[in-house]
Amino acid sequence: MASHEPSAMITMKGVRFSYADRQILNGIDLTVAKGEIVAVMGGSGGGKTTLLGLIAGRLKPQSGSVIVDGLDVPHLKKAELYGLRRRIGMLFQFGALFTDLNVFDNVAFPYREQTDLPEAMIRTLVLMKLEAVGLRGAQALMPAELSGGMARRVALARAVALDPSVMLYDEPFTGLDPISVGIIGRLIKRLNRALGMTSIIVTHDLNETLRLADRVIVLSGGQVHRDMVPEDIRATDDPFIRQFADGLPDGPVPFHYPVMDYVTELMGP
Amino acid sequence: MIASIEALGHFITSRVERLGLAARFSGAILLVLWVSIRRTSLIIRELYFSGVRSLSIIAVSGLFVGMVLAVQGYEVLQRYGSAESLGVIVALSLVRELGPVVTALLFAGRASSAVTAEIALMRATEQLAAMDMMAVDPLSRVGAPRFLAAILSMPLLAAIFTSAGICGAWIIGVKLIGIDDGAFWSQMQANVDVRIDVLNGLLKSIVFGTAVGLISVFEGYFAVPTTEGIASATTRTVVISSLSVLLLDLVLTVMMFRGLS
Numbered sequence: 147m148a149s150h151e152p153s154a155m156i157t158m159k160g161v162r163f164s165y166a167d168r169q170i171l172n173g174i175d176l177t178v179a180k181g182e183i184v185a186v187m188g189g190s191g192g193g194k195t196t197l198l199g200l201i202a203g204r205l206k207p208q209s210g211s212v213i214v215d216g217l218d219v220p221h222l223k224k225a226e227l228y229g230l231r232r233r234i235g236m237l238f239q240f241g242a243l244f245t246d247l248n249v250f251d252n253v254a255f256p257y258r259e260q261t262d263l264p265e266a267m268i269r270t271l272v273l274m275k276l277e278a279v280g281l282r283g284a285q286a287l288m289p290a291e292l293s294g295g296m297a298r299r300v301a302l303a304r305a306v307a308l309d310p311s312v313m314l315y316d317e318p319f320t321g322l323d324p325i326s327v328g329i330i331g332r333l334i335k336r337l338n339r340a341l342g343m344t345s346i347i348v349t350h351d352l353n354e355t356l357r358l359a360d361r362v363i364v365l366s367g368g369q370v371h372r373d374m375v376p377e378d379i380r381a382t383d384d385p386f387i388r389q390f391a392d393g394l395p396d397g398p399v400p401f402h403y404p405v406m407d408y409v410t411e412l413m414g415p
Numbered sequence: 139m140i141a142s143i144e145a146l147g148h149f150i151t152s153r154v155e156r157l158g159l160a161a162r163f164s165g166a167i168l169l170v171l172w173v174s175i176r177r178t179s180l181i182i183r184e185l186y187f188s189g190v191r192s193l194s195i196i197a198v199s200g201l202f203v204g205m206v207l208a209v210q211g212y213e214v215l216q217r218y219g220s221a222e223s224l225g226v227i228v229a230l231s232l233v234r235e236l237g238p239v240v241t242a243l244l245f246a247g248r249a250s251s252a253v254t255a256e257i258a259l260m261r262a263t264e265q266l267a268a269m270d271m272m273a274v275d276p277l278s279r280v281g282a283p284r285f286l287a288a289i290l291s292m293p294l295l296a297a298i299f300t301s302a303g304i305c306g307a308w309i310i311g312v313k314l315i316g317i318d319d320g321a322f323w324s325q326m327q328a329n330v331d332v333r334i335d336v337l338n339g340l341l342k343s344i345v346f347g348t349a350v351g352l353i354s355v356f357e358g359y360f361a362v363p364t365t366e367g368i369a370s371a372t373t374r375t376v377v378i379s380s381l382s383v384l385l386l387d388l389v390l391t392v393m394m395f396r397g398l399s
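These protein sequence lines map, in sequence, to chains A and B.
Once you know that position 228 of the first sequence is 374 in this note's numbering, the rest is easy, because the numbers rise by one and skip nothing.
Once you know that position 11 of the second sequence is 149 in this note's numbering, the rest is easy, because the numbers rise by one and skip nothing.
Derived from the structure by calculation, the hints contain no laboratory data.
The C-beta atom is built at its ideal place from N, Cα and C for all residues, glycine as well.
Misleading hints may appear alongside valid ones.
What the hints assert, rightly or not - Across the chosen pairs, the derived CB separations fall in these ranges: (1) Val-377(B) / Ala-290(A): 27 to 35 Å; (2) Arg-153(B) / Ser-293(A): 42 to 50 Å; (3) Leu-263(A) / Ile-175(B): 34 to 42 Å; (4) Ser-293(A) / Ile-344(B): 43 to 51 Å; (5) Thr-178(B) / Ala-391(A): 49 to 57 Å; (6) Asp-396(A) / Gly-147(B): 53 to 61 Å; (7) Pro-404(A) / Ala-145(B): 53 to 61 Å; (8) His-350(A) / Gly-147(B): 37 to 45 Å; (9) Thr-178(B) / Arg-204(A): 23 to 31 Å; (10) Thr-178(B) / Ala-179(A): 53 to 61 Å; (11) Ala-179(A) / Leu-193(B): 53 to 61 Å.
Unchecked claim - Which chain B residues face chain A? A few, computed with CB under 7 Å, are given here: (12) Leu-171; (13) Ile-175; (14) Thr-178; (15) Glu-264; (16) Met-271; (17) Ala-273; (18) Gly-316.
Kindly generate the complete structure, drawing on both the sequences and the hints.
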């Protein structure tokens, strides 16, 4: 079992993962301290969501170790893994709300499934969580009646229902208007502080990341390309990060999918 | 030539792999069944969606099938002067064969396809993943209740189909054609055996319910999470369920009724 620093909530060492013949992660080393907010950035298909899957034990690495709160995740039995997941919350990219349940029942779901609390107490807890995300008034609405930003806030209330010690955010700002992005960003920061959580945020939103994160990890080529504080991102001359920060179409991440020469193809064989 | 042999080999291995996956899935769902049985509210909800909401199509189909059987049966029976046996002929056809089989085929088209589409969509929209992340096993929370609902509702629906069919035959035979009412019912009562006919029909329904339930949950669970994937999973559920029901019916009929006469 790999070493795990006492203050570290998540430690990954030499993690390799591939889907069939496509190598996604190629030796990831990463440590996240308790209470930290770490943003993970990188190109599309660069293994950011895979990283979350490995931390949550939804995927098993081909090699390397993943330690969360002192537990060796890939080697946990199902009951032990579920025990750990009760202490991990995850916000999915589009919320993943249960479409057959209304807002109240979605947030009540973890309480009803994981606790023996009486319904009156569940009601109080759900209303508290909904108040925290500003949607107590939307408790009777169905997910189909919510805007993207509202759905994401309900999903956040549900994810933090059991006061997890680790929160994983999978692209929480994708597809949201600037107001909703700001609301979700502030909520993440406030909840992280109020509940003493450790957060990992997979995101493409550079501005919000710089406001939120204590540290930014940039993935490239299946490895940790850079590990830096947000302030250094604006100043760095690293071509990969500059392309990412300035939204340049071409650079270390090429605009064109690998293909034969244009003129050769146009002229025919 | 080599390419076609390769393609054939790939086709066979992929089918065998899928069969193995289905066998493992069946084992997994049976393992979580005891947890799900205690969640009666979930089973009742699925019984409503799969069973209660299939009632109208089952009852109406049963009525029409019974009526058709009466018309066709009367044509043949009157040639031999035994039109009074219409009740028993219709009842035996429905109780032994048509009740369980047609109910299972209708159930596959009405309820099982919906179950597959629902589970596949839950997978595509990460609802199953969210459940798993909340330490709730999707198989016991989503899969097993739907599987149990299919097993429980199939015999009840088959009984309703059969009853509606007998009523349909009575309307045609007794009310419209004019067969003696007493002969219609008494011959049926005398010749339909509870153990041989009714219980075997019931057993068939339970077996069909198990097969159709497993297929619908499996196809939904392993559907490719795209529009085409969900569409083809739904189609596969109906096709494989229907073929399985007909094949199982042949096997069960041979086992149950061969050499009885």
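Outcome of the hint check:
1. Val-377(B) / Ala-290(A): 27 to 35 Å: Since the Cβ atoms of Val-377(B) and Ala-290(A) sit about 31 Å apart, the hinted range of 27 to 35 Å holds.
2. Arg-153(B) / Ser-293(A): 42 to 50 Å: 45 Å, holds
3. Leu-263(A) / Ile-175(B): 34 to 42 Å: With a Cβ separation near 23 Å, Leu-263(A) and Ile-175(B) fall outside 34 to 42 Å, so the hint is violated.
4. Ser-293(A) / Ile-344(B): 43 to 51 Å: Roughly 47 Å apart at Cβ, these two residues keep to the hinted range, so it holds.
5. Thr-178(B) / Ala-391(A): 49 to 57 Å: 56 Å, holds
6. Asp-396(A) / Gly-147(B): 53 to 61 Å: 43 Å, violated
7. Pro-404(A) / Ala-145(B): 53 to 61 Å: 27 Å, violated
8. His-350(A) / Gly-147(B): 37 to 45 Å: 43 Å, holds
9. Thr-178(B) / Arg-204(A): 23 to 31 Å: Once the Cβ atoms are compared, 30 Å apart, the range 23 to 31 Å for Arg-204(A) and Thr-178(B) holds.
10. Thr-178(B) / Ala-179(A): 53 to 61 Å: Given range 53 to 61 Å: violated, Cβ gap about 46 Å.
11. Ala-179(A) / Leu-193(B): 53 to 61 Å: 59 Å, holds
12. Leu-171: For Leu-171(B), the interface hint is violated, since the closest Cβ of chain A sits about 16 Å away, which is over 7 Å.
13. Ile-175: With Cβ-Cβ at 17 Å, over 7 Å, it is violated.
14. Thr-178: With Cβ-Cβ at 15 Å, over 7 Å, it is violated.
15. Glu-264: Holds: closest Cβ of chain A sits about 4 Å from Glu-264(B), inside 7 Å.
16. Met-271: Hint on Met-271(B): holds, closest Cβ of chain A at ~5 Å, below 7 Å.
17. Ala-273: 4 Å, holds
18. Gly-316: 52 Å, violated
Going down the numbered hints, you'll see the structure goes against 3, 6, 7, 10, 12, 13, 14 and 18, while the others check out.
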